[in-house]
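Quick note, the sequences are listed as chains A and B, same order.
Residues 36 to 404, numbered by the numbering used here, are exactly what the first sequence covers, in order.
Residues 700 to 930, numbered by the numbering used here, are exactly what the second sequence covers, in order.
No lab work stands behind these hints: they were computed from the structure.
Computed from a prediction, not measured in an experiment: that's the story for all the values here.
Be aware that a few hints might be false.
[Said to hold, decoys possible] Derived contacts from chain A toward chain B, CB cut-off under 7 Å, selection only: (1) Ala229; (2) Met249; (3) Val255; (4) Ile259.
For every residue, glycine included, the Cβ atom is placed at its ideal position computed from N, Cα and C.
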Amino acid sequence: MGNRTPEKAQVKACAAALREGFEAAGAVPVEAPVLLSASALLDLYGEDIRARAYTTSDILRGEQMLRPDFTVPVVQMHMAQGAEPARYTYAGEVFRRQEEDEARANEYMQVGFEIFDGTDPAAADAEVFARVQQAVAPLNLKATTGDIGILMAAVEGLETSEARKAALWRHIWRPARFRALLERYAGRHPVPVARKVLLAADDPFRNAGPEIGMRSREEVAARINALRVDAATPPIPNSDVMLIEAILKVRETLPFALEQLRDIAVDMPAILQAVERLARRMEAMAAHGIDVEALEFEAAFGRTHMEYYDGFVFGFVVEGRPDLPPVATGGRYDALTRVLGRAEGRPEGIPAVGGVIRPGMVVELGGWS
Amino acid sequence: MSIKLGVPSKGRLMDKTFDWFRARGVVLGRAGSDREYAGKVEGIEGVELVLLSAGEIPRELTEGRIHLGVTGTDLVREKLGHWEQRVEEMAELGFGNADLIIAVPQAWVDVDCLDDLDAVAAAFRREHGFRLRIATKYHRLVREFLKENGVADYQLVDSQGATEGTVKNETAEAVADITTTGETLRANHLKILSDGLMLKSQATLFRSRAAAMADEERATLAALVARLGLD
Numbered sequence: 036m037g038n039r040t041p042e043k044a045q046v047k048a049c050a051a052a053l054r055e056g057f058e059a060a061g062a063v064p065v066e067a068p069v070l071l072s073a074s075a076l077l078d079l080y081g082e083d084i085r086a087r088a089y090t091t092s093d094i095l096r097g098e099q100m101l102r103p104d105f106t107v108p109v110v111q112m113h114m115a116q117g118a119e120p121a122r123y124t125y126a127g128e129v130f131r132r133q134e135e136d137e138a139r140a141n142e143y144m145q146v147g148f149e150i151f152d153g154t155d156p157a158a159a160d161a162e163v164f165a166r167v168q169q170a171v172a173p174l175n176l177k178a179t180t181g182d183i184g185i186l187m188a189a190v191e192g193l194e195t196s197e198a199r200k201a202a203l204w205r206h207i208w209r210p211a212r213f214r215a216l217l218e219r220y221a222g223r224h225p226v227p228v229a230r231k232v233l234l235a236a237d238d239p240f241r242n243a244g245p246e247i248g249m250r251s252r253e254e255v256a257a258r259i260n261a262l263r264v265d266a267a268t269p270p271i272p273n274s275d276v277m278l279i280e281a282i283l284k285v286r287e288t289l290p291f292a293l294e295q296l297r298d299i300a301v302d303m304p305a306i307l308q309a310v311e312r313l314a315r316r317m318e319a320m321a322a323h324g325i326d327v328e329a330l331e332f333e334a335a336f337g338r339t340h341m342e343y344y345d346g347f348v349f350g351f352v353v354e355g356r357p358d359l360p361p362v363a364t365g366g367r368y369d370a371l372t373r374v375l376g377r378a379e380g381r382p383e384g385i386p387a388v389g390g391v392i393r394p395g396m397v398v399e400l401g402g403w404s
Numbered sequence: 700m701s702i703k704l705g706v707p708s709k710g711r712l713m714d715k716t717f718d719w720f721r722a723r724g725v726v727l728g729r730a731g732s733d734r735e736y737a738g739k740v741e742g743i744e745g746v747e748l749v750l751l752s753a754g755e756i757p758r759e760l761t762e763g764r765i766h767l768g769v770t771g772t773d774l775v776r777e778k779l780g781h782w783e784q785r786v787e788e789m790a791e792l793g794f795g796n797a798d799l800i801i802a803v804p805q806a807w808v809d810v811d812c813l814d815d816l817d818a819v820a821a822a823f824r825r826e827h828g829f830r831l832r833i834a835t836k837y838h839r840l841v842r843e844f845l846k847e848n849g850v851a852d853y854q855l856v857d858s859q860g861a862t863e864g865t866v867k868n869e870t871a872e873a874v875a876d877i878t879t880t881g882e883t884l885r886a887n888h889l890k891i892l893s894d895g896l897m898l899k900s901q902a903t904l905f906r907s908r909a910a911a912m913a914d915e916e917r918a919t920l921a922a923l924v925a926r927l928g929l930d
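All chains, please: the whole structure from these sequences, using the hints.
Okay, here's the thing in structure tokens:
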């Protein structure tokens, strides 16, 4: 990284001080195991998590992962036993497998602050952001905010089949795939030959050969039916695709971004509610003394690497140093609490927002002495 | 000290490697009986032959325990992170050709490409309650390939051999494996996805970037490179 690795004792002292700051804000300190059940993480993130988390195993418990972050165990703990509203803080190591860049740390401290409270989400968003910003204030970092919820609302509001919406929804966090799907549904590309041949066949199973494996012929037939229905579905209007593209391009200071999004909402009323949420959040941030006039907003922020966030997102980075990881990140993850709540009999989840700081970087950047 | 050359210890890959070197005036062979893993080298001084499992050669190269090694590109890319920084490709040997591909049952008439595989993976997970299984021994390459192509809701299950049989045995729904002619795949009622080619591999002579060399070894390496016509 070019900088010296900071002393561990210093990092720990910095982490303790950050955690105390969150405790002073009413957060209960919690611990989380280092070894997490691999199956829960794999269910959530899919096979990609193996590139980012260390996997280990024994013959009794099977696969375990060294915790790649605290959010999942803290949400699990809360959904199992937490009373509401609740706020938590924690400090400890996380472990990240590095396959691309040897200079990046594979083990570092994180200090976090999480609020589980559905009464006023805009206020909770603003508070988490304000407390994290205050904690890293001496470092003069550049803050960027975003809101995945606006894109999600746009997809939800498309006038097309539920199947297409579900497919787009599933790939919200994979921009290339999302774009390819959107363009296909808009009819921008010709239907592939293999698909045409399949749908035109009198008996699509003529050369199928024997049925092997667990995916049954009924499942194949059901998909062919779904493909026929999809082929008969009218294309998503080009104007809608352009509006989604316009949303993804919004990159302005917060008040201007809000103005642009309100303009887009005139043609796409489906995002109105999400845009008004953004407006309320901006007010709540201003009430916390945050200079919203100067705060950056990017509608596409966090789309590739913050996959469990589904609303407000933010990050604090060292300006002019793209080689350094963000010092602090966070966001809203209501859907994650619903997914992890299922196992605890609470599929309704609870609105939740949180942020983490890397004390190692705070020390390295001279923000602690 | 001598230059250590790692060569696969058995089978066609060993024989073909020996042929390739012999055609260039370097005679490799086993030291004693057919079962002995010590090797001998004739036609050049200062080169020592080390017979190893092809799968271990990437690691030996990256650790610098051998200076040169013959193995498949597939194994080097699977086993070494930043492989270009650890080894140098000196020559493609023109045999051991194999394609790393993704294949699904022929009975999946609705699946032609990765796009279809992704859609089927989502439906399969809803229907069966677990992620669609792809049997492979190339975990890293397959994961990276599927990530790049936006395929989700799958899981990799380890298969070190007879991978084509896993679908029939219902331990996997699809396979990611190397194939030369596709014959074994067809015999097992599998078909290759139209955009499922991940890597074209062949036997390749690699040089370790980590193995220590004094002047003497450098001179030997230069002589060997010249003899093999790689300069």
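Cross-check of the supplied hints:
1. Ala229: With a minimum Cβ separation of about 4 Å from chain B (threshold 7 Å), the hint on Ala229(A) holds.
2. Met249: 5 Å, holds
3. Val255: 5 Å, holds
4. Ile259: At about 5 Å, which falls below the 7 Å cut-off, the nearest Cβ of chain B leaves the hint on Ile259(A) intact, so it holds.
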